[in-house]
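Listed below, chain by chain, are the residues.
Number of protein chains: 2
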Amino acid sequence: MIVVSEKTIARLVQYRRLLHQLAARGVASVHSHELAALAQVSAAQVRRDFMALIAAGTPMHGYDVAALLEALRAFLDAPEGQAAALVGIGNLGKAILTYFAGRRPKLVIAAAFDIDPAKVHRLFRSVPCYPVEELPARVRELGIRLGIITVPAAAAQAAADQLIRAGVRGLVNFAPVPLQAPEGVFVEDIDIAMSLEKVAFFARSDRAAEPARGGRRPAPRLHAAAV
Amino acid sequence: MIVVSEKTIARLVQYRRLLHQLAARGVASVHSHELAALAQVSAAQVRRDFMALIAAGTPMHGYDVAALLEALRAFLDAPEGQAAALVGIGNLGKAILTYFAGRRPKLVIAAAFDIDPAKVHRLFRSVPCYPVEELPARVRELGIRLGIITVPAAAAQAAADQLIRAGVRGLVNFAPVPLQAPEGVFVEDIDIAMSLEKVAFFARSDRAAEPARGGRRPAPRLHAAAV
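Keeping their order, the protein sequence lines are chains E and R.
Plus 345 on top of the position in the first sequence (first one is 1) and you've got our numbering.
Plus 345 on top of the position in the second sequence (first one is 1) and you've got our numbering.
Since the hints were derived computationally from the structure, they do not count as laboratory data.
Some clues are possibly wrong.
Pairs involving identical chains hold if they fit within one copy or between any two copies, as the list cannot separate such chains.
[What the hints assert, rightly or not] Computed cross-link-like contacts, BS3-like style, restricted to lysine-lysine with a CA-CA straight-line distance of at most 30 Å: (1) K352 / K464; (2) K439 / K451; (3) K451 / K464; (4) K451 / K352; (5) K439 / K464.
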């Protein structure tokens, strides 16, 4: 069992994306401070992250881009690929299906589910949409361990419970409600409405975000009374 | 100038959403531990957050839901309302316009921009779409300080730069690339692809997320060599 922090994985995914861009431009090697500037982290952080991935330690003349990409692939990707299920084919669900269509060979949305009779038994971006009643059987049959929830808030927990009972161990939740999940199930909430309200707050002329210090998240704290 | 942490604002937005749900069900007062359970934070955290909002301190018989909602409204919302600009009317842009349509009286997408001649000079969900060349003038004219970026990665920094030069001070960035922004501009990155890759990693049978301890985010650290 490999135990690793969520933030480390987010950085590794980010490094991989940047390294792919560098490789596409013909760059063969990269220094930690160059990658750090692109990823907006410290060079020391980049070196620490790669220390565990690359046996060779920190090279003097930069990391080999191809070797790093191979090490990241071996660490991040399931060798046999991974299938996901998406629940809720509204605008956001369709946007995510479109994003995925044909783009990621190792991560494929294999099934979608909806309650709308007009949507089921159709293909959306080559992904079959089934009635939500078939979710448990289909998810089990396909061995799906990754779920994407794009239903309204009121339906989100039920969708999560069904997915988890059918074997799902990772959820990306776009519904604006925190989900309850048992230990061993990883939940990532992407709360678009909350992000918009938060940014709207800080975009006002008389508001400012407390700056993060030394790479740590700022302590949650209210500096000024509001009433 | 009110200086406040990003996480505090995220929690206040979340409390407000939960309090609206309670109010809709006729609940008139709520204890900190009840709200804490719904928001998945500690009761002490709820009390600390409200201490700065509500002059009365921690009530014995629960907080008055209507008074809390009023205090949150006064703190979070711009009294005169706020206008946002959205750049990039693809699937995700449309999903966000649909989400907003008629829902939030205090936060309105007032203008959208795209480079596609087939999209400009049309309404999308009642929002006018202008050619991106008109962005600086329109954003200034409308006094917009909040921008939403839903363009492809390669176009994101240019869109951000244009918005910032026109007066925008908060950006929600959906493009899968970290944005550079000057001090005083608040940027929230919503990287859907990264979240999916991260959850896919932890959904695998032999992977686990390092648990967060005592409410703090886990230190970024790799426990196991990957190669």
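Hints, one by one, checked against the model:
no. : hint        : in the structure
1   : K352 / K464 : neither (37 Å within a copy, 38 Å between copies)
2   : K439 / K451 : both (20 Å within a copy, 27 Å between copies)
3   : K451 / K464 : within (26 Å within a copy, 33 Å between copies)
4   : K451 / K352 : within (21 Å within a copy, 34 Å between copies)
5   : K439 / K464 : both (12 Å within a copy, 19 Å between copies)
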